[in-house]
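The task is simple: from the sequences and hints, build the whole structure.
Spelled out, the chains give:
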Amino acid sequence: MIAERKDFAEWRRKATPMKTSKVSFLLFSTLVTQLLSWSASAATQLQGAGATFPAPLYQRWIAEYTKNNPDVQINYQGIGSGAGIKQFTQNLVSFGASDAAMTDKEIAAVKQGVVLIPATAGSVVLAYNLPGVDNLKLSREAYAGIFLGKVTKWSDPAIAKTNEGVKLPDIPIIPCERSDGSGTNFVFTKHLSAISPEFNDKVGFGTSATWPVGVGGKGNDGVTALIKQNRGAIGYVEYGYAKNNKLTFAALQNKAGEFVSATTDSGLATLATTQFPPNLLRGWPSDPDGKDCYPIATYTWLLLYKKYDNSQIGEAVKKFVNFGLTDGQKFSEELGYIPLPKEIVDKSMEGLKTVQ
Amino acid sequence: MSDNETTKPDGMKITGSRRRVDLFLVLTWLASAVAVLSLLWILESIVTPAWPAIQKTGLGFFTSTIWDVNRDRYGAMPFVIGTAVSSLIALIIALPLGIFIALFLSENFLPLAIRQVIRFVVELLAAIPSVVYGLWGIAVVIPIVQQFGGYLSEYLGFIPLFSGPATGNSMLTASLVLALMVLPTITAISRTALVVVPHTLREGSYAIGATRWETIFRVLLPTAAPGIVAATILAFGRAMGETMAVAMLIGNSSRLSWSLLSPAGTLAGLLANQFGEAQGLQISALMYAALALVLLTLFVNMTGEAVLRRAEKATAGIR
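Quick note, the sequences are listed as chains L and Z, same order. Counting with our numbering, you get residues 108 to 463 for the letters of the first sequence. Counting with our numbering, you get residues 61 to 379 for the letters of the second sequence.
Derived from the structure by calculation, the hints contain no laboratory data. The reader is advised that the hints may include incorrect statements.
Claimed, not checked - If you want the footprint, here are the derived chain L segments under chain Z, 3+ residues with CB under 8 Å:
#, region
1, 188-195
2, 275-288
3, 309-315
4, 328-335
What the hints assert, rightly or not - Derived pair list, reagent style BS3-like, types lysine-lysine, alpha-carbon separation capped at 27 Å:
#, chain 1, residue 1, chain 2, residue 2
5, L, K257, L, K268
6, Z, K116, L, K212
7, L, K268, L, K309
8, L, K413, L, K218
9, L, K309, Z, K116
10, L, K413, L, K449
To be verified - So the derived list for chain L, only partly shown, Cβ under 7 Å to chain Z, looks like this:
#, residue
11, V322
12, G323
13, K325
For glycine and all other residues, C-beta sits at the position ideal for the given N, C-alpha and C.
Written out as structure tokens, the structure is:
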């Protein structure tokens, strides 16, 4: 018995390890050769991460650009503006993206230097659900009041005053908000803070906000669902999103006192009023001046390093962004974004040239 | 027999040169160590970033009702309450339902084949991804809650629990969907607990003249109690940690309200909502909230464990 067992053990000790090691060696070597051959033929890989708001447009750019440039692979992840800036600062991506331009402090933290490129722009609209009411006009007092919880019924005089002849139902207003941190929140709260000192006091602005009234939905789709499902609801969503989902949205009163609806033209008029500080393409019109301006519109930025350690990647990023600023702009309108005004494209191109 | 030969209890002889560590034992040790260490690691990586917020807000974090990111004021009380209440309501709905289903499936009311099908379907509920529950909640539960909530607030609005205005995205909606989500957990574990009750007990009960229902309520359920308690704890833990479906349905408000028809918020939902764009102290406060969620779950588990021990002691004689 014991002898037998010993023999077996002996055999196992001698035979098996050799066998397995041979097999695993073979497997391992094939794997290594595979990997090597992949990496040898691999295209330049660009990683981008950041804002979700322009993500559909960037994805489109990537699809169109890589069609003609198969030697580049680009991957963009819409993980949020804040996270985009974080990853960009930690040097984890080839380019970042954010709805709010980086602050001086954030820029100082990036040792390779930063070039901010306005890449596209969008409006934020106030969509509502009031069957039978198609052309709602909201004064600044009214829409700031709604989100402060001061205007609570659709029949409120603040709304009725600017909508003569419209039959407004006597039902409660259900304000709908973005519960997740987002650039849309930032743009909207920044605008409300600019037009209403009380809002600035009570809520303030940021990518998240603590609202005194209303219901929160997650993402543009969450808010859209809220608006569609609640009669009497009003909420802020991106213009492109509202358009695609056929939401009705209100004309808003701008600084000049005019009621302007969100269109590409009224958005362009707003963007044209932006004043950029010298050498830095940063700034947003939180309350534009002109008569034709739609009041809530903003840029969204691509974040590039001033100096890329890997010149191959730097070149590829430059080429891709160049495509986005020129040919890429023509996809903007179709996807619900505002194409950049020509002077901004020129300025962005100049900025792009400083990237090494 | 030479010196370096040892005799194992089963009489197997192994020579000293071939004596080695028990690989299986090492593996099991390693596996347990990995589990314990990961937990410690996770705790450490929550507490470290949460530290600035812990220092700044201290225990006030749990008593303050204001969560205002733009002023760096963080109070998680509405979210702690939201988490506890939504899970409790879900349990109140799901527990009786789950136990009845478990009873039905463990008794011989129907042929085994049909029971197996029902069991399979109930357990399949656990396989549906959270986000699908969320979408279903938006499409189906919200309109129902809106309609009935409207009536409720109209006729029973004087009771704070049902005061209006009734929004679809509310505590009630989230709790209803949560109840459905934890139902398979309760059913599956309770059923197993009921099935393993010894036959002799049932027969003994019948022998002294008890009816089937008397047997079920006086003998089977008390005997299976430890298992049912375990099911409840697991279900409660799952409900508290549930994120996606709740964030899609609860209305994500940081305001405290008595009304079940008002929007509310949970800790998990808060994390899912704000983490992506969080900066500075907000990240820290969110980590603190995560820690609160872990502690809350721990508290529930420990309470459950205590109840379990009690129940086991009480039924030890009959098992």
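Violations among the numbered hints, reported as their numbers in ascending order: none
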